[in-house]
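J.: With chain V's structure known, arrange chains P and L on it following the hints.
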Amino acid sequence: MRYLIVLIPALLLPFVLTDFWLAQVLTRSLILGIIALSLSFLATYLGVVSFAQASLAGVAGYAIAYFGPNTVGIGVPLPFIVKLPLALLLAMIAGALIGFVARRSRGIYAIMITLAIGVAFFYFTRQNYVLFNGFTGFSGVLPPALGDRSWGDPRPLYYLSLGVAIICVAMVQGFVRSPLGLAVQAVRDAPGRLLALGIPTTFPIIAAFAFSGLIAGSGGILNAWFQERVSSFSVGFGPIIDILIISVIGGLRHPTGAFVGAIVYVILDIFAIDLIDRDRFNLLIGIVLLAIVVAAPNGLQQLAIDWVGALRKRAAKTPAN
Amino acid sequence: MTLFFVVTLNGLTLAALYFLAASGFSLIFGLMRTVNMAHGALLLLGGYIGWSVADATGLWALGVFAGGLGAAFAGALVQIGVLGWMQGDELRQTLASIAISIILADLMLWIWGGTTYQVRTPDWLSGGMRIEILGIGYAKVRLYLMAFALVVGVALWLFIQKTRIGAVIRAGVDDQDMLRALGYPINRIFVLVFAMGGMLAGMAGVIAGSALSIAPGTDLQFLLSSLVVVIVGGMGSVGGAALGALLIGLAEQYGLAYAPTYAAVVTFVIMVVVLAVRPQGLLGQAEA
Amino acid sequence: MPVSPVPKTTANALETQGIGKRFGGFWAVKDVTFSVRPGERRAILGPNGAGKTSLFNILTGDYAASSGSIRLFGEDVTKSSVPKRIKNGLRRTYQHAYLFDGLSVHDTLFLAVAGLRGGWRQILPVRKSDPRRIEAERLAEVCGIPEFLDRMVSDLSHGQRRQLEIGIALAEDPKVLLLDEPAAGLSPAERPQLSNLLLSLPTDVTVILIEHDMDIAFRTSESVTVLFNGQLMAEGTPDEVMANKDVHEIYVGGTHSE
Numbered sequence: 001m002r003y004l005i006v007l008i009p010a011l012l013l014p015f016v017l018t019d020f021w022l023a024q025v026l027t028r029s030l031i032l033g034i035i036a037l038s039l040s041f042l043a044t045y046l047g048v049v050s051f052a053q054a055s056l057a058g059v060a061g062y063a064i065a066y067f068g069p070n071t072v073g074i075g076v077p078l079p080f081i082v083k084l085p086l087a088l089l090l091a092m093i094a095g096a097l098i099g100f101v102a103r104r105s106r107g108i109y110a111i112m113i114t115l116a117i118g119v120a121f122f123y124f125t126r127q128n129y130v131l132f133n134g135f136t137g138f139s140g141v142l143p144p145a146l147g148d149r150s151w152g153d154p155r156p157l158y159y160l161s162l163g164v165a166i167i168c169v170a171m172v173q174g175f176v177r178s179p180l181g182l183a184v185q186a187v188r189d190a191p192g193r194l195l196a197l198g199i200p201t202t203f204p205i206i207a208a209f210a211f212s213g214l215i216a217g218s219g220g221i222l223n224a225w226f227q228e229r230v231s232s233f234s235v236g237f238g239p240i241i242d243i244l245i246i247s248v249i250g251g252l253r254h255p256t257g258a259f260v261g262a263i264v265y266v267i268l269d270i271f272a273i274d275l276i277d278r279d280r281f282n283l284l285i286g287i288v289l290l291a292i293v294v295a296a297p298n299g300l301q302q303l304a305i306d307w308v309g310a311l312r313k314r315a316a317k318t319p320a321n
Numbered sequence: 001m002t003l004f005f006v007v008t009l010n011g012l013t014l015a016a017l018y019f020l021a022a023s024g025f026s027l028i029f030g031l032m033r034t035v036n037m038a039h040g041a042l043l044l045l046g047g048y049i050g051w052s053v054a055d056a057t058g059l060w061a062l063g064v065f066a067g068g069l070g071a072a073f074a075g076a077l078v079q080i081g082v083l084g085w086m087q088g089d090e091l092r093q094t095l096a097s098i099a100i101s102i103i104l105a106d107l108m109l110w111i112w113g114g115t116t117y118q119v120r121t122p123d124w125l126s127g128g129m130r131i132e133i134l135g136i137g138y139a140k141v142r143l144y145l146m147a148f149a150l151v152v153g154v155a156l157w158l159f160i161q162k163t164r165i166g167a168v169i170r171a172g173v174d175d176q177d178m179l180r181a182l183g184y185p186i187n188r189i190f191v192l193v194f195a196m197g198g199m200l201a202g203m204a205g206v207i208a209g210s211a212l213s214i215a216p217g218t219d220l221q222f223l224l225s226s227l228v229v230v231i232v233g234g235m236g237s238v239g240g241a242a243l244g245a246l247l248i249g250l251a252e253q254y255g256l257a258y259a260p261t262y263a264a265v266v267t268f269v270i271m272v273v274v275l276a277v278r279p280q281g282l283l284g285q286a287e288a
Numbered sequence: 001m002p003v004s005p006v007p008k009t010t011a012n013a014l015e016t017q018g019i020g021k022r023f024g025g026f027w028a029v030k031d032v033t034f035s036v037r038p039g040e041r042r043a044i045l046g047p048n049g050a051g052k053t054s055l056f057n058i059l060t061g062d063y064a065a066s067s068g069s070i071r072l073f074g075e076d077v078t079k080s081s082v083p084k085r086i087k088n089g090l091r092r093t094y095q096h097a098y099l100f101d102g103l104s105v106h107d108t109l110f111l112a113v114a115g116l117r118g119g120w121r122q123i124l125p126v127r128k129s130d131p132r133r134i135e136a137e138r139l140a141e142v143c144g145i146p147e148f149l150d151r152m153v154s155d156l157s158h159g160q161r162r163q164l165e166i167g168i169a170l171a172e173d174p175k176v177l178l179l180d181e182p183a184a185g186l187s188p189a190e191r192p193q194l195s196n197l198l199l200s201l202p203t204d205v206t207v208i209l210i211e212h213d214m215d216i217a218f219r220t221s222e223s224v225t226v227l228f229n230g231q232l233m234a235e236g237t238p239d240e241v242m243a244n245k246d247v248h249e250i251y252v253g254g255t256h257s258e
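Sequence lines, in order, name chains V, P and L.
Mapped onto our numbering, the consecutive letters of the first sequence carry residue numbers 1 to 321.
Mapped onto our numbering, the consecutive letters of the second sequence carry residue numbers 1 to 288.
Mapped onto our numbering, the consecutive letters of the third sequence carry residue numbers 1 to 258.
Isolated chain V (complex conformation):
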């Protein structure tokens, strides 16, 4: 029931909104939200804040560009049915590798290590021309055709992103109810105790990172199609921090808050030009992030829940008085 309140308007919106709103606001929010979901998932259930999620999205984005049509003449074109799972698999493998490297690190140590991995990947894409085409990356990364139109047109891409977002949220909710997902949460709470049950801790950590790679990768592929390009700018410090900011705004411990955070972020991005000088967007977003961290460390979604709770309490009290 709760989901329908969100879902029905989401399905109807394309019929009332302009293409600009649909593509630049909603679709973009969904895509950023999916990538941020992969971070919130790790933060909530594994207790690790990973700064490498934009890189995982980038791995899948680069893969879909390398194995598909692009206009830079690099790569091996593969049929859609092969390259899609391959790109997701590569993102999962990349996630598993990061999980393996960071397996013994928690808290701020994990932040430092994943950030170092993310930025190292960024520098690597800039220097490597064989796989990543260096600084400029890939352009002309088009989604497959949809009849005589393209999946990249505003409405199809919106519905595709919405569908992927729903699948990702459902996957997260399913995963955390699975034995492996429970083990991931047990690692978060008391790794030593899990070992004492005879359950290894390394495997759940790696699995959680691989799973986050699958989600981030799904977002990364959509992002490559949305932008029709993928380059070192897609995996730089900017996107790394953007994803973090989105998760923090939505609440790091609220996976679905990622979508709330994404909408707030995108709207700020678009309307900053009216609020202040376009060039000062970073100043604005920095102040917003600081304000959230100081005033609402659990994110906007938790803030809203608290407010609604307080209002209900008051509403419940009034008649009694």
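Derived by calculation from the structure, the hints in this document are not laboratory data.
Since we're looking at a predicted model, the values are computed, not measured.
The C-beta atom is built at its ideal place from N, Cα and C for all residues, glycine as well.
Among the hints, a few may not be true.
As the list claims (entries may be wrong) - A few chain V residues that face chain P, going by a derived Cβ cut-off under 8 Å, partial list only:
1) I111
2) M112
3) L131
4) H254
T.: For chains P and L alone, coordinates are given in the frame of chain V:
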């Protein structure tokens, strides 16, 4: 062979800069468990202030001093104004310091623009110097940089190992709560440590602007290098920062000279190998 | 091919031969030889620092023994890893209830029952009718907290956490149960409930219990081992041990009392 010597010297130059940048970062992390993500921004801020002062007065040394002082002041302000309120909540501090670094970076872009600056060095630092044993010439400013890093390293080590306040900081690294219980003004010490970390960063910024150059992005470059240096060398140890800086600086330059495509990967591989063998870093204490 | 000299049926559940653990120059446990029959209820007593928990840590494999050997149902497990001993039926609880605060009681017991066996299906959500979930419900019943099945572990009281600890240890057919001060920190009102729980444990399970509460220890155990300064000091029925002069000496003698 000449190439090898030059590359080695370049590596040592970079290592010296990395050490100057990372030592402040490591000090703050070691005492306070705060990952100061604004460290790179403080470094760049120091660099810009140093450039402005040196440009206006023509006095390079004054520029270094002003850059260090400006960044120290900014660092103390960050601790007093924001991070001090969240002491103990490490994740929140990290996120807040990221916000501060974004804000600072944009303010600096506003004030100093997107151009690349090089701090003009005085005559005694300019030009090259012939190193007879190696049979090559090398920029004086870079040789002095290495000497300076060495001096700072030794001074920092003496300060931490041999002085009273150093002993308090060292005890703080191991046991914050005990120190607070013993009645030490730990909050004031925290501000002092932040100011010191900022000063090291600020001076490193001016010196980076003299030996190389500074521009938007320099902040990120040095933040990353500090992270890697500290991860490799070990958290909160001066010797660890020095060893980490040496390894990463040299590896980066050798990589750039002999395997340019994979230079970024070399650093990364070193980090992964160290983490696999010693998660606490080469000279770090194991996590409690 | 040498045949196992002791047939499993007649072997002791647990048997140690001169085991010890040295930390630097200090022997936390020294030359301890004792054996426990299958199904026996054994209490291990001794003042603080006597080496009781260290002994448990050696038995479970958390510490590598510095000397001696350990046999579990006749099989030498001195060099075996922790998971291997768990697989052989050895379980323990911890003195400090160290649990998964972010999971529900149901999920905690489920994890204890299910582990991570069963291949790729472990990534699928668990069905309500899953036999392992039902088994988790049964364990909650056994350890006396069925009404808290859907409660988060962080919401449990101290006593309920101790009960959950025992429930976890009972998962998956344990053969030897090591309970490390299950009554520690419990209120007087909660204690009888705990001894009833201990008395209701399946009779085929061997139980070794560290306990400071003599009342609980003597009520639930048929035999007692007393450790002192890391060494075995007395062994026998509760009555024999109560009558032992050395035991009186360490508890009442003044200098060594807690």
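J.: Just pull the numbers of the violated hints for me, sorted ascending.
T.: When the structure is compared with the hints, numbers 3 and 4 turn out to be violated.
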